[in-house]
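As a plain string of letters, each chain reads:
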Amino acid sequence: MKAIFSILTLAFLSISGKIMADDELPSASVYHLSNYWTDQSGKAFGMDSLAGYNVVMAMIYTSCPSACPMIIADLKHIEKGLSAEELKRTRFVLVSFDAEKDSAEKLLEFSHKMKLPAPAWTLLKGSAADVQALSQTLEIKYRPLATGDFAHSNTILVLDKHGVIIRRQEGREGMEDTIKALSL
Amino acid sequence: MARKYSAILTIAVALFADGATASADEMLVSEGNYPQFLLDEPLTDDEGSDGRNDKKVEAFYMDVFPVTNADFRDFVAQHPKWQKSKIPTIFADRRYLSHWESDLSFEPRLNLSPVTQISWFAAKAYCEWRGGSLPTIDQWEYVAFNRGKDKEAIFNQSIDWFSRPNPTVFPAISDLTKNEFGIAGIYGVIWEWTSDFNSFMSPTDGREGNGSDLFCGGGSRFANDKADYPRFMRYAFRSSLKASYTIRNLGFRCVRSFK
Numbered sequence: 002m003k004a005i006f007s008i009l010t011l012a013f014l015s016i017s018g019k020i021m022a023d024d025e026l027p028s029a030s031v032y033h034l035s036n037y038w039t040d041q042s043g044k045a046f047g048m049d050s051l052a053g054y055n056v057v058m059a060m061i062y063t064s065c066p067s068a069c070p071m072i073i074a075d076l077k078h079i080e081k082g083l084s085a086e087e088l089k090r091t092r093f094v095l096v097s098f099d100a101e102k103d104s105a106e107k108l109l110e111f112s113h114k115m116k117l118p119a120p121a122w123t124l125l126k127g128s129a130a131d132v133q134a135l136s137q138t139l140e141i142k143y144r145p146l147a148t149g150d151f152a153h154s155n156t157i158l159v160l161d162k163h164g165v166i167i168r169r170q171e172g173r174e175g176m177e178d179t180i181k182a183l184s185l
Numbered sequence: 266m267a268r269k270y271s272a273i274l275t276i277a278v279a280l281f282a283d284g285a286t287a288s289a290d291e292m293l294v295s296e297g298n299y300p301q302f303l304l305d306e307p308l309t310d311d312e313g314s315d316g317r318n319d320k321k322v323e324a325f326y327m328d329v330f331p332v333t334n335a336d337f338r339d340f341v342a343q344h345p346k347w348q349k350s351k352i353p354t355i356f357a358d359r360r361y362l363s364h365w366e367s368d369l370s371f372e373p374r375l376n377l378s379p380v381t382q383i384s385w386f387a388a389k390a391y392c393e394w395r396g397g398s399l400p401t402i403d404q405w406e407y408v409a410f411n412r413g414k415d416k417e418a419i420f421n422q423s424i425d426w427f428s429r430p431n432p433t434v435f436p437a438i439s440d441l442t443k444n445e446f447g448i449a450g451i452y453g454v455i456w457e458w459t460s461d462f463n464s465f466m467s468p469t470d471g472r473e474g475n476g477s478d479l480f481c482g483g484g485s486r487f488a489n490d491k492a493d494y495p496r497f498m499r500y501a502f503r504s505s506l507k508a509s510y511t512i513r514n515l516g517f518r519c520v521r522s523f524k
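Protein sequences, first through last, are from chains A and B. The opening residue of the first sequence carries number 2 in the numbering used here; numbering runs sequentially from there. The opening residue of the second sequence carries number 266 in the numbering used here; numbering runs sequentially from there.
Dumping the calculated EDC-like pairs for lysine to aspartate or glutamate here, alpha-carbon to alpha-carbon at most 16 angstroms:
#1 Lys349/B to Glu366/B
#2 Lys116/A to Asp75/A
#3 Lys107/A to Asp40/A
#4 Lys507/B to Glu140/A
#5 Lys351/B to Glu25/A
#6 Lys414/B to Asp493/B
#7 Lys346/B to Glu25/A
#8 Lys181/A to Glu86/A
#9 Lys162/A to Asp49/A
Treat the hints as calculated values from the structure; they're not laboratory data.
Could you put together the complete structure from these sequences and hints?
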């Protein structure tokens with residue numbers, strides 16, 4: 002009986018999760034963006050598949066000399082601040098500014114180098130237009146430079162399980178508040 | 266593409282037989298150079314802007330006129346998710362199209378005025394529907410630079426506009442004056458969205474880092490032309506925006522690649 006009940010609950014959860022991903026997104030959800038991403042394994046990735054998780058999101062590029070390794074160090078610090086239970090409900094997502102040079106292979110190589118294992122960590126690449134639309138949605142500023150680098154703001158965002166931004170960390174201040182936002 | 270344009274034209278002409286000129290008209294803007302707003306290194310006092318800091322802009326097509334209320338209604342009629350009762354708050358703030366009476370209606374006298382109270386997301390979606398995109402800051406500023414002609418007149422027109430309150434009804438696009446490129450209403454009517462408005466970050470003011478530099482001049486130390494007040498206003502305005510913002514005097518026009 003108990004087993005049947007669990008199965009029913011699971012079935013219900015997966016159905017409601019599905020519905021949530023389509024029509025019943027809150028008005029402020031980032032997942033309204035209809036854009037197309039490829040993850041570090043080369044597979045197509047829909048951001049709405051993150052619905053149901055707390056998400057820590059940041060934008061970087063893999064050839065980034067200084068700021069991005071710092072952002073990743075901060076993300077790892079946040080990861081360390083979470084309990085095992087919280088970690089299960091959390092996904093870390095890095096989206097590349099560099100639509101041209103950051104291939105799925107580059108992202109995979111970078112994830113190995115920086116020790117960002119799947120499935121906790123997802124690294125995404127998309128078209129220049131989708132990267133721009135996402136940056137506008139997340140209110141992250143960036144500009145391609147002649148050198149091939151990007152000037153960009155160092156922002157870490159927390160999205161709730163419906164994709165609504167509930168926390169914005171600019172620079173390195175307020176890491177504890179970011180961790181707190183994930184413990185909800 | 267051409268079909269879409271003629272469809273828009275037909276509708277426009279059918280609805281507003283008089284003066285409904287080709288609101289979907291576009292001009293080829295030929296390639297050229299224009300002075301960058303900010304330099305990598307500040308100029309010293311005796312250095313003038315001598316073209317070293319010019320930026321090349323490739324040719325592109327640009328709408329002659331800003332997009333009108335009637336144009337935008339055609340779009341939302343076909344794409345209901347951009348109607349004001351349906352648009353998610355992540356894509357537009359609460360004042361989106363607040364001058365319209367409902368999802369598809371507004372006072373007829375607004376027909377041929379530039380559409381405003383429009384978010385970046387909605388403007389972008391409209392341009393993509395038309396097979397184009399929003400202009401980049403470079404494209405827009407290149408057109409506004411006007412090949413360096415009529416500098417003083419443009420300056421005065423802009424300053425005059427900054428000091429005037431918004432009119433109840435913006436002028437019909439047919440009343441807007443064209444510049445050297447044949448593009449109408451670039452100065453003195455509305456602000457316009459650019460695709461990469463979030464790419465502008467002010468340079469550091471020198472209070473941090475080396476610290477030996479003066480910081481009184483702030484960002485203006487890096488400006489190519491410190492007297493170009495309207496341009497400072499445009500860059501400051503853009504950097505204050507967020508993509509979901511809608512503003513009483515902020516509209517847009519589209520561009521299309523030339524290839």
